[in-house]
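K.L.:
The sequence shown: position 53 = 53 (the numbering used here), numbered continuously.
In short, the hints are calculated from the structure, not lab data. A quick note: this is a predicted structure, and the numbers were derived from the prediction, not measured. For every residue, glycine included, the Cβ atom is placed at its ideal position computed from N, Cα and C. Take the hints with a grain of salt, since some may be wrong.
Claimed, not checked - Under the rule of at most 16 Å between Cα atoms (straight-line distance), these lysine to aspartate or glutamate pairs were calculated in the EDC-like manner:
#1 533 to 26
#2 74 to 26
#3 570 to 549
#4 210 to 324
Said to hold, decoys possible - Okay, the calculated beta carbon distance ranges per label pair:
#5 175 to 209: 40 to 50 Å
#6 385 to 196: 29 to 39 Å
#7 283 to 233: 34 to 44 Å
#8 202 to 148: 45 to 55 Å
#9 118 to 13: 12 to 22 Å
#10 311 to 278: 53 to 63 Å
#11 286 to 247: 43 to 53 Å
#12 287 to 354: 20 to 30 Å
#13 99 to 571: 52 to 62 Å
#14 408 to 533: 35 to 45 Å
#15 381 to 354: 19 to 29 Å
#16 247 to 276: 53 to 63 Å
#17 45 to 120: 15 to 25 Å
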Amino acid sequence: MRIRGLGVIEDAVLSFAPGFNAVTGETGAGKTMVVTGLGLLFGDRAESGRVRPGAGRAVVEGRLRLTESGRAVKRAEEYGASLDQADSGADGEPRRELLINRSVAAAGSSGSRAFLGGQPVPVSVLADLAEDLVEMHGQSSQQLLRQPARQRDALDRYAGEATLAALAEYRTAYNAYRDVCAELEELTTKAAERFREADSLRYGLAEIEKADPQPGEREELAAEIERLGSAEELRMGAARAHEALSAQETPDDAADALTLINHARRALDAVKDKDPALAAIAGRLDDVYWQLGEVATDVAGYAAGIEADPARLEYAHGRVADIDALCRHVGRYLVDTAAEPGGPSVAEVLEWGEQAALRLGELEGDDGRIAELTERRDALHGQLGDLADRVSELRAEAAGGFAAAVGTELAALAMPHARIEVRLGRREEFGPSGRDDVELLLAPHPGAPFLPIAKGASGGELSRVMLAIEVVFAGADPVPTLVFDEIDQGVGGQAAIEIGRRLARLARSSQVIVVTHLPQVAAFADRQLVVVKDSDGGVTSSGVTVVADADRYTEIARMLSGRSESDSAKDHARELVDGAVAERALP
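Produce the entire structure from the sequences given, and follow the hints as far as they go.
P.N.:
And the structure:
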């Protein structure tokens, strides 16, 4: 991790090792800024007041080595992050490296920015990713101890596989129950709206059924009305045309078309044999004569068939009026055609009728669906009750053991009289995790009442309670990285050694980063980083160095006595570190 322009740290690079990392240094050197930098990497709220005076922006960069098969890698890729290949871990599993960048502007500048694998992301994405990577424990970040839901998760985690399996089965049923309730709620709350829609559709379909329009019927009726309304005119016109074509009078008295053409035929018939050209004309004239005769017959037949039919004309007018009224009515349902003169066409009305019938079938089927969903909901409710009871029983069985195990750890962490109680409350309604409210209560000393743990403990005690819980969890479901700040507040001597031992135990399954001022704690670390400061009379500048061998003995001696050059302090420091190394080597 690289920190620039944050608090008293001008520019520092911290390389954390697997296992137990202790961050030490003089008061005011900036140890807390290390935890602040880690918090910024994982989505903590940015404060412009933390930016180093004279710096326009504080920047924290972190390079994380992640298990390739872990959920964090998949989630980072979902956010568009680019990850690099890394060497395999001690377990042989492939690793990937992810770069996180967070910057915080000084007051008056543009705010906070975050980058994940080179991709700009909202700061909330970093917090989301942190859920799989790190647990931050300090006075400002005791999330597990302050949130009832997290306390319930802690108890479930301790209770083990049987409880987690029962809870998974419960959640499957709960999700199904919730989905059924949501669908049922939607159907029942919209019942009035569905009734109005169905009633309107029924009315429209009844109108269509009553009128029973046929495709093309209106056009045919319009043509019939035109014909019936002009019957006399049509008959007289056909009669005059027939008379002009064939008056059926003698040639001397008539001048109709057929008679005249017949005279022409006879004139040509007498001479057509004398010239082939004239014979062709005579043949064509024969064709005209016979075709004209057929036309005359057709006109006569048409004239004979024309009759005035007032009843039929009245019916046709009424039928067209009914169809037009239907089209105007259905046009109210058709937004695209409602504004057209006369409304939609008969074809569009019939198409709407088909769609309306389908929709009405869906609406009428909702009643049966409501009955089906109600039965399903009631069955799931009963099933949920049984599953929730099973989860509650398993939690109750684990609560006593959890409280006792945490209490045992607290006794070794300078809280010998502290008592932990896990209180289970019962809710009437079902929730995602059952029907239990789980609350951790603490009585820090004899005679003290049990209070919610965040109210009954100081900041240092909260950190020790968190350490005790993590030790109880160690190996069961380890978090990749645990960060502790102020965990050793108000303790010393043997209690400090016990804290160091437990942190070393945690470091077997997780990376542990601890900011401490106690040499007994730092002695157990696999790697010790020292925040050093220098002052030029103005702004203090801090950096971070890794100490080992003689330099580490010197730093532990400073922490013991304040005098890093004291031979007796160095001897004591060597004794502490060598003893801790020997203990860490034990199984």
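K.L.:
Look at each hint and say if it fits the structure.
P.N.:
Checked hints:
1. 533 to 26: 8 Å, holds
2. 74 to 26: 40 Å, violated
3. 570 to 549: 12 Å, holds
4. 210 to 324: 13 Å, holds
5. 175 to 209: 40 to 50 Å: 45 Å, holds
6. 385 to 196: 29 to 39 Å: 38 Å, holds
7. 283 to 233: 34 to 44 Å: 38 Å, holds
8. 202 to 148: 45 to 55 Å: Given range 45 to 55 Å: holds, Cβ gap about 53 Å.
9. 118 to 13: 12 to 22 Å: 20 Å, holds
10. 311 to 278: 53 to 63 Å: 58 Å, holds
11. 286 to 247: 43 to 53 Å: The hint (43 to 53 Å, Cβ to Cβ) is violated, given that residue 286 and residue 247 are roughly 21 Å apart.
12. 287 to 354: 20 to 30 Å: 53 Å, violated
13. 99 to 571: 52 to 62 Å: About 44 Å separates the Cβ atoms of residue 99 and residue 571, which means 52 to 62 Å is violated.
14. 408 to 533: 35 to 45 Å: 40 Å, holds
15. 381 to 354: 19 to 29 Å: 41 Å, violated
16. 247 to 276: 53 to 63 Å: 34 Å, violated
17. 45 to 120: 15 to 25 Å: At roughly 19 Å between Cβ atoms, residue 120 and residue 45 fall inside 15 to 25 Å, so the hint holds.
Checked against the numbered hints above, the structure violates hints 2, 11, 12, 13, 15 and 16; every other hint is satisfied.
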